[in-house]
Amino acid sequence: MEYIPLNFPFLAAALLAGISFYIIIFKRNLIKLIMGIAMMSSGVNLFIVALGYRAGGNAPIYTDVPEGPMVLPVPQALTLTSIVINVAVLALMLTMVIHIYRHTGDIDSKKSRILKG
Amino acid sequence: MRRVVGLILWLVLIAFLMWGVLLIHPFGYPPSDMDDYIIENAQEQTGNNNVVASVVFDYRGLDTLGEATILFTAVTGVLLLLRTQKHKEENS
Amino acid sequence: MLSKIVRTVANQLIVFILIFGLYVIAHGHLTPGGGFQGGAVIVSGVVMLMVAFSSQELKKSLRERLLTIMESTGALIFAALAIAGIGTVVFYNFLVGTPIFGRIPPIGPNSGDFWTGGFIPPMNFAVGLKVVAGLSAVVLALALFARGEEMEE
Chain P
1 MEYIPLNFPF LAAALLAGIS FYIIIFKRNL IKLIMGIAMM SSGVNLFIVA LGYRAGGNAP
61 IYTDVPEGPM VLPVPQALTL TSIVINVAVL ALMLTMVIHI YRHTGDIDSK KSRILKG
Chain V
1 MRRVVGLILW LVLIAFLMWG VLLIHPFGYP PSDMDDYIIE NAQEQTGNNN VVASVVFDYR
61 GLDTLGEATI LFTAVTGVLL LLRTQKHKEE NS
Chain L
1 MLSKIVRTVA NQLIVFILIF GLYVIAHGHL TPGGGFQGGA VIVSGVVMLM VAFSSQELKK
61 SLRERLLTIM ESTGALIFAA LAIAGIGTVV FYNFLVGTPI FGRIPPIGPN SGDFWTGGFI
121 PPMNFAVGLK VVAGLSAVVL ALALFARGEE MEE
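Residue numbers (the numbering used here), protein chains in the order written: chain P, 1 to 117; chain V, 1 to 92; chain L, 1 to 153.
By construction, these hints were calculated from the structure, which means they are not laboratory data.
Since this is a predicted model, take the numbers as computed values, not measurements.
Mixed in with the good hints, there may be bad ones.
Away from chain V, derived, C-beta distances all over 12 Å, residues of chain P [to be verified]:
1) Asn7
2) Leu30
3) Ile31
4) Ile34
5) Ser42
6) Asn45
7) Asp64
8) Pro66
9) Glu67
10) Ala88
11) Lys111
12) Ser112
Calculated lysine to any residue pairs in the SDA-like style (CA-CA distance at most 25 Å, straight line) [as the list claims (entries may be wrong)]:
13) Lys60(L) <-> Leu144(L)
14) Lys27(P) <-> Met18(V)
15) Lys111(P) <-> Met18(V)
16) Lys27(P) <-> Ile14(V)
By construction, the Cβ of each residue, glycine as well, lies at the ideal position given by its N, Cα and C atoms.
In isolation and in its complexed conformation, chain P is listed as follows (with noise of 0.2 Å):
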């Protein structure tokens, strides 16, 4: 595959990023919030690999690699790190949702903000 019109994969990321920015802003479920957060990660993802590729390459592995150049390793060390890191801050965030219902009883954003006194 040499030729791919109109930059598309950078498109598709674009396009994913875009979408859960309107699902952050605009929906009060906590549940759907934080799918949107994880889509947001695999927008960015994306991006990040997308960036680093050469037009007919092949792995930056020197074991059995057939003939030709080889596409740009460093984007995809970053992206192994951003991965790690989303998990962990995903497990993070899931257990405070399981707080907040234990306590209130409800994952409305609107009801669980006003501070009881």
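Got chain P; can you put chains V and L on it based on the hints?
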């Protein structure tokens, strides 16, 4: 009223992202000076066949150390928050 | 607890999943893979055991003290290997040239040699140990909290 202002701002954000897609470099021909040096010299300096593993653990090892710290802290935080309250003893 | 057919098949399959995960961790310097990817494969095997048998059965085998000792050992080995070459710079590859892991492969495409790579294979083992212990502790604690219990000592 708030929903209309929010929708207009979201459309401005989408327009900004699309303008960025049109200005970026064409897909498949990236500018690469640092990565050419790493691909050529990784086998004699590291002694390793896998260039991505040598970038993660050797050329950029401090990022991996920070990420291991974040994983440790997150696991500690989750195990701290999920305790029940059954072990209350009375001191008289 | 699911039916007897599911329990028997899960008992047979966990051996193959463990062997594949250890292969992905150990050959991290020759093929695509490494510490984080192999750790995720082994954690998916543990989750399969938790679905087939109930989480109250698994609570008796995976105690909290064993998992915390495994995770702390992995983190300490990683930090010790990073600081050991501090004579030159932090994260200096001090095993290239010594006969333990230090052969240099021929330049260009070749079939791989296992005893290459400097200090990267021990680091892969340390990171794999950390990921397995941490993520399985998180999944077990989340599954047990919904019934009102917690992990045993």
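Verification of the supplied hints:
1. Asn7: The claim is violated: Asn7(P) sits with its nearest Cβ about 5 Å from chain V, within 12 Å.
2. Leu30: Its Cβ never comes within 12 Å of chain V, the nearest being 16 Å, so this holds.
3. Ile31: holds, 18 Å
4. Ile34: holds, 15 Å
5. Ser42: Check passes; 16 Å lies beyond 12 Å.
6. Asn45: holds, 14 Å
7. Asp64: violated, 10 Å
8. Pro66: holds, 15 Å
9. Glu67: holds, 14 Å
10. Ala88: violated, 4 Å
11. Lys111: The assertion about Lys111(P) holds, with a minimum of 18 Å to chain V.
12. Ser112: holds, 17 Å
13. Lys60(L) <-> Leu144(L): Distance of about 12 Å is within 25 Å: holds.
14. Lys27(P) <-> Met18(V): At roughly 24 Å apart (the allowed maximum being 25 Å), Met18(V) and Lys27(P) satisfy the hint.
15. Lys111(P) <-> Met18(V): violated, 36 Å
16. Lys27(P) <-> Ile14(V): holds, 18 Å
Hints 1, 7, 10, 15 from the earlier list are contradicted by this structure; the remaining hints agree with it.
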